[in-house]
Structures are given as C-alpha cells and as structure tokens.
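In order, the protein sequence lines correspond to chains A and B.
According to UniProt numbering, the first sequence holds residues 1 to 447 in order.
According to UniProt numbering, the second sequence holds residues 1 to 447 in order.
All the given hints hold, so there is nothing to weed out.
Cross-link-like lysine-lysine pairs, in silico, BS3-like; alpha carbons within 30 Å at most:
| # | chain 1 | residue 1 | chain 2 | residue 2 |
| --- | --- | --- | --- | --- |
| 1 | B | 148 | A | 192 |
| 2 | A | 257 | B | 228 |
| 3 | B | 191 | A | 168 |
| 4 | A | 228 | A | 148 |
| 5 | B | 191 | A | 191 |
| 6 | A | 51 | A | 110 |
| 7 | B | 192 | B | 154 |
| 8 | B | 84 | B | 51 |
| 9 | B | 154 | A | 192 |
| 10 | B | 168 | B | 148 |
| 11 | A | 285 | A | 416 |
| 12 | A | 192 | B | 192 |
| 13 | B | 148 | A | 191 |
| 14 | B | 257 | B | 51 |
| 15 | B | 148 | A | 168 |
| 16 | A | 154 | B | 168 |
| 17 | A | 414 | B | 257 |
| 18 | B | 416 | B | 357 |
| 19 | A | 154 | B | 154 |
| 20 | A | 228 | B | 168 |
| 21 | A | 199 | B | 154 |
| 22 | B | 192 | A | 209 |
| 23 | A | 228 | A | 257 |
| 24 | B | 416 | A | 257 |
| 25 | B | 257 | A | 209 |
| 26 | B | 191 | B | 228 |
| 27 | B | 192 | A | 199 |
| 28 | B | 285 | A | 357 |
| 29 | B | 228 | A | 228 |
| 30 | B | 154 | A | 191 |
| 31 | A | 228 | B | 191 |
| 32 | A | 168 | B | 228 |
| 33 | A | 228 | A | 191 |
| 34 | A | 148 | B | 168 |
| 35 | B | 209 | A | 148 |
Here are a few chain A residues that sit away from chain B, every Cβ distance over 10 Å (derived from the structure):
| # | residue |
| --- | --- |
| 36 | 60 |
| 37 | 71 |
| 38 | 89 |
The set of hints was computed from the structure by calculation and includes no laboratory data.
The structure displayed is predicted, hence computed values, not measured ones.
No residue lacks a Cβ here, since even glycine has one placed at the ideal position from N, Cα and C.
There are 2 protein chains.
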Amino acid sequence: MHTKKLNQSIVDRISELLESSSIDRVLAEIEEFHPEDVAELLERLDLEQAKALLYALPEERAAEVIVELDEEVRASLLQEYSGKELAQEVIENLDSDDAADIISELPQEKIHEVLQSLEDPDQAREIADLLNYAEDTAGSIMAKELVKVNASWKLMRCLREMRRQAEKVDQVHAIYVVDDDDRLLGTLSLKKLLTTSTKTPVSEVYDRKIIKVTTDTHVEEVARLMRKYDLVVIPVVDHEGRLMGRITFDDVMDVMKEEAERDYQMASGLAQDVESADSIFALSKARLPWLLIGMLGGVISSRVVDFFDISQYPEMAAFMPLIAATGGNVGVQSAALVVQSLANDSFNESILQKLLKDLGVGLVTALVCASLMFAVTAALGKPFNLSITVSIALVSVIVFAAMFGTLVPLTLNKFKIDPAVATGPFVTTTNDVIGLFIYFSVAKLIM
Amino acid sequence: MHTKKLNQSIVDRISELLESSSIDRVLAEIEEFHPEDVAELLERLDLEQAKALLYALPEERAAEVIVELDEEVRASLLQEYSGKELAQEVIENLDSDDAADIISELPQEKIHEVLQSLEDPDQAREIADLLNYAEDTAGSIMAKELVKVNASWKLMRCLREMRRQAEKVDQVHAIYVVDDDDRLLGTLSLKKLLTTSTKTPVSEVYDRKIIKVTTDTHVEEVARLMRKYDLVVIPVVDHEGRLMGRITFDDVMDVMKEEAERDYQMASGLAQDVESADSIFALSKARLPWLLIGMLGGVISSRVVDFFDISQYPEMAAFMPLIAATGGNVGVQSAALVVQSLANDSFNESILQKLLKDLGVGLVTALVCASLMFAVTAALGKPFNLSITVSIALVSVIVFAAMFGTLVPLTLNKFKIDPAVATGPFVTTTNDVIGLFIYFSVAKLIM
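With the rest of the complex left out, here is chain A (with noise of 0.2 Å):
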C-alpha cells in the first residue's frame, strides 16, 4: 500500500460516521491504516470521537496506536484509563521503552498503580529501571528486549535459542554476544548465522568490533554515534561491561529531528519548541523574548543615537538601518558556522586560526559592501564626507561582527551553554547596537 497523506475529507467522513453511531464501518474503513496513521486521525478528530474510537479498537492494536500519539494528545485520551486498565491493555503489550515512556508522563501516584498491576514481574521491574535513568542518558531511552547468545554456543544452539528469544522481540536488527557474566563482546551477523555450518562455535564467527555507549552517555552522543557509523541499532552496557539494553535508531531519528528543530527556531527567535497548530498564547509566550531582548536592544540604540546627538547631522539616519542591519547579519552568519561545525563535531581547528580566517572572509565581504555602498552613496548624491563615513563605518562593522560573531558560540560552548543561543537574539542585538556605536564614531572623526 502507498500511503496516502491523511487528507481533510478522510477526517470528516469518519468523524461523520462516528456521530452517527456506525463505529464498526469506521474500524473497516481504518482496518489498513499503519498505527501512525490512525494516530493522527485520533489527533484530528473531536477528543470525544477519538476516546471512542480509541476504545473499539482491539487492545493490542491501540497499545500500538498510543504509542505513536502526540504527548499531550495522549494524556487527554488516557486521563479516563484506571492503572489496572492502563496496565493490562495498554502497557502489557508494549515493549519496554515505549512502556517506559508513557508511564514515565503519568501522575506519580498512577506510576505506581500501574506497575503494581502489571501481571508479569519481569515486565515491571524492567520498565521499574528504565524510570530510574536520568533524563537524556542513553539508559533513559533504551529498550530491554534484545537477542543474546553465549559465545560459547555452537550456532545450532543459538539458532534454537533465538527462536525462543525472538517471541519476545518485535524486530531482531541485531545478534549480541555475551560471556557467562554477560558482559557483551560482540555481535554475530545474521549473514555469518545463515552462511556458516551450525555445527561452528559463535567465538569462531562473531565481530569483536562493536560500537556501544553506557547508560549514562548523553542521548546527542547516541546520535552523533548511530549517525556517524550508520547504526540501526546500538547496545547499551553498565559500567562493568554488562549488557542492558539497546536503542534502535527510530528512537534516534527523533533526538535528531529535536536538535535540529530546536537550533532552527534558536536561529529564527523562537524561545520555546512551538508549533503552528498551538495556542495564540502558547506562540506569543514564545515569541516574546527574542522581540523583548530585540527592543531592548533598540532601546539601547537611541541612546546611542541620543548622545552623538543626531540632529547635528540628520543626514546621518539615513543610513542607520542599513549598518545596523549588515552588522545583526553578519554576525548570525558567523555564529551559525560555528554552531553548525561544533554540532558535527567537525571543529578541527583552533580558535586562533578560526579568528584569523574571519578576519580573511569579515575583510573580502566588507572591502565587497564597502566599494558598492560608496558608489552608491556617491551616484544618490550625497556628500562626500557621508560615503567616505558609511564606506568606513561598513568595513569597521562587518570585521567586527565577524569576529563576534565566532568569538560568542566558543565562549558559549566552553561554558557548556548550548552555542546556538548565539544565533537568536544575543549577538543580532548586540551588533546593532555596536554597529550604530562604531558608525557615529567614525562620523565623529571624519565629519
């Protein structure tokens, strides 16, 4: 099936169909649907409407359908589930990750009830350590079920063996191999398993070379791993070398799509993660900030406008917006690079060389804007003391914001604040601000 894009007059035919009562034609109708697909319709339809439709679902296929639902979406459709109910129909068929997930936004004193009423004890003191993990640690995102095999065994015995354990894994991405303390050693290839005599030991066949994190390494870690050596899955170990879990890299893919959401609106003034679809309260809450620390900088401004005094030369205003803006741009360009290179880890050169290189680009892109500008102030008409202002001001302004521009992300980052603030409103501001400074000093000297 090619999967269509959930469009408007699906949601409303279905949305007619449950008004009028016909909830089995709308489980037909949805029969085909991929979980993330009927997790969608559930987001657009009337919370009344999604609560019944997520109630005539068979159990197993809702377990699947919450997990893919948007967090708050969620909470208001599970509000009505009592612990035992949230337990066994929706918890029991999950693995332990998602499980994990969804308890975890839970009430505290729901937390409990659930894991009390969960009917297999291993479940929940697996899902019972997962909560233990601090927030974004490799262990907080982790999932219990996996495939082992003793390096010891014959490929016979692992094969038996992976029967019984695959019952309980969704998806096998990965054969682990373990010593008798269960310390993980390696991996064995479902190519070398398919191709190589049953009869051979798994110490002969599997791959020492593995790549793993602890529990505690930071979640973007994981990522930045899984990225660079294009892992469908990682394993996770305590600090004695023990096997504990694995993330697969759907999990991944969204620590990814996150940062990246998150660096974007920094760059494009955004304070909180918001969306579109959210509330004109929610928006403005996060819009307001950046245009806060924006006028303040605006503020800060017409006192420097103020005590040059402008009205001595008002033909100077003319060409305020114009430094102040090449100035706010430059700088973003700057800090952007540098957030971009520290984010790929691809920040191989030391912070001197960097600074002597923006040197080199603030002085080509300023002797560029310099020489226009002082054509085109001189082709307006204006006089030549104001071009030769302008023209200066310019190259002073753009070296200046290059350098800052590079000099705030570092500083940033060495603080262990996350450098892309430095693209929002920080150094925008700033530069306006320095940028009006340096153009009236230098019309001070010059005129």
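Based on the hints, put chain B in the right spot on chain A.
Just chain B now, with coordinates in the frame of chain A:
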C-alpha cells in the same frame, strides 16, 4: 571498543610516523579503527600522506574508507587512480548504491572506463541502471542488493535461498516476498522465519502491509515516510510494482541532515552549503548574497528616510533601529513556524485560519511591546507625540510583519519554491523597509 574522538595528538603522531616512513606501524596503529575514523584521519592529514596511507591499506578496507570520505577529499585522493584501478580495487568491493555514488562524481570519460573495466557484467549493468535515475529520486539513492523470496516457496527453501543471497548482501534488514513476475507482495519477518515450522509456505506467514516507494519518489518524501513509520529500510518498486531496490535508513539520515542544515543555513543567511573549514573565498561567496540583499534593503530604507525628510523630526531617528529590527524579527518568527509545519507535514489549517491566528498572535505581542515602549519612551522624557508615534507604529509593524511572514513562505510553497528561502533575506529585509515606511507614515499623521 568505545569510540573516542580522533584528537589532534593522534593525527600528529600518525603524521610523524608517515614522515619516518613507518607505514607498517601506522597500519598496526589504525587496525582497530572503523572505516569512518580512518576516513576522518585521511581528511586531516596532508594530501600526500593521505594518498600514501590509502594506497597502503588492504584493498577491501580502502574501499570501505573511500565511501566514508568527504566528496572533495575523495576527488583529490582518487585523481591518480586509473579507470581500471578504480573498477577493480574500489568499485568491485562496494554495494551498488555506494558504487554508483562514487562513479557519478567522476569525469564523464572516466565513468565509461570504470564501467567497462568491471569484471562482473551484472554489477556493471546494475550500476549503469542506477546512474540513470534523476538526482533526488528514490532510484538514485537505492541499492540493488537485497534478499527476496517467492511467495510460493516453503520456509525451508527460503532459508536455503537466503543463504545463497546473503553472500552478496552485507546486512539483511528485510526479507522481501515477490510473486513470479518479481512484483513486491510484502515482507517476511525474521521472527516469523525463526519461529514457524519450515514446512509452512511463505504465502501463509508474510506481512502484506508494506510501505514502499517508486523509483521516482523524491528523496525528501522517502525520508518523511521512513521517519514517520520508523523504517530501517524501504523497498523501491517501478510503476508495474516490480521490486527494483531498497533504501536503508542511513542514506535517509544523510538526506534529513542535509535538509535540516540547508534550512538552518537559509535561516542564518548563508546562500550555499558551506562549513567553517571551507576556504575564505567559498565562505565569502556564501555570505555575500544575503549581505547584498540586506544592503539593498538598507539603501531603500535610506530613500524612505530621505523621502520623509528626517531633518524635520531628527528625534525620530533614535527609534528607527528599534522599529526596523522588530519588524524583521517578527517576520522571521512567522516564516520559520510556517516552514517548520510545512516540513513536518503538519500544516492542517486553512490559509485563512492561519492568518486569523497570526493576527491574534500579532495583536497580543504587539500590545505587550507597544505598551512597554510607551512606558520606556515616557521614562526617557521623550515628547508625548513621539511616544505615541513609536507605540502605534510598533503595533502596525508587528501585525503586518506577522502576516507577511506567514504569507511569503505559503506563497513560495504554492509555486513549488523551497519555503525556507523566506526565512532568509527576503522577509527580514522587506519588513525592515516596510517597518520604516509605516513608522514615518504614522509620524506624518500624528506630528
């Protein structure tokens, strides 16, 4: 092995060893390195040293490393390989997608030479096929290597055939089920294969719910589907439904990453895909377009200021930076939200709904900003007329910029232009200019 970042001291030591021509010691030192790390090492050595090291690597390992190299470094390193050497030492050791990738970067005459020098005619045909697909389509990034079974086979025969096919395939992510005409019917899970009696026919146990793309699907759509449905691998079919190849998650991670970086660079005013490490010339070239557009805006702003004859109200100059910056900031915020929801395919509102909401957000933020500025200007002892002018201008500018910032990317998207362009120069600069125009128009009315 835990992977450590390749630090400068390791690079320096290896560089020294290469100088003293202890190539064997270098080979021993990097024996445990993953291909990705060897590639990074080569990128950080001098070209001559890198060449020497690459030549010294065993053939299969060299091929793995070459795949991981930066495009430009790869071009320099491969320059001296003849077509025949490339074919027999590099290409023959690679999967079809990587092979096609590397060949497509070569000069036209060399492509021909390489294809002719391949010993396996099947491989040559497969690569030539892949080279035919248009850039940015699923066909252009898929690989031909896959494991497939016929729906009419029993599982026992599957295992036997898979053993044979697996010889050619590095990692088995999925087992595809096809009919006698090679049309894709579904997938057989490893779990089913391991846990079902070997006498069962494939047709009874395979999964018919399969997400697939056609050879001409755009890579960004492929990425969207794989991310949405958490797929490790996605099959590619032709328009008759025949199985042509498969795309793995790592290729799509690259697409996602490029996409995210492009949007980020667009939002930060960089016109081309550059990194910190590029040359001063390349960096200047990527920066100048936005700077020049910004300067054009600055020149137009200067005309607006001249047109309203600022020397009549020189005190207005002080708040020009504030008005211009706020307009630009609001516009970018709006545009970024639209770009993001278009990219996430979560844009479900009608344009009218969206604009009404933006009007709401604009009004809320505008009222907060304007009342604050009214208080600040009053506190600074500015004349009442000027305070009122600044506040009214702010409200108008913010509301206008919010709606304009929304409309521009939506319009670009309608005309199939990447809406992310809007977060770059166009919206900021236009809002700067229009902001000043509004400011002076309000002043004309009031003062």
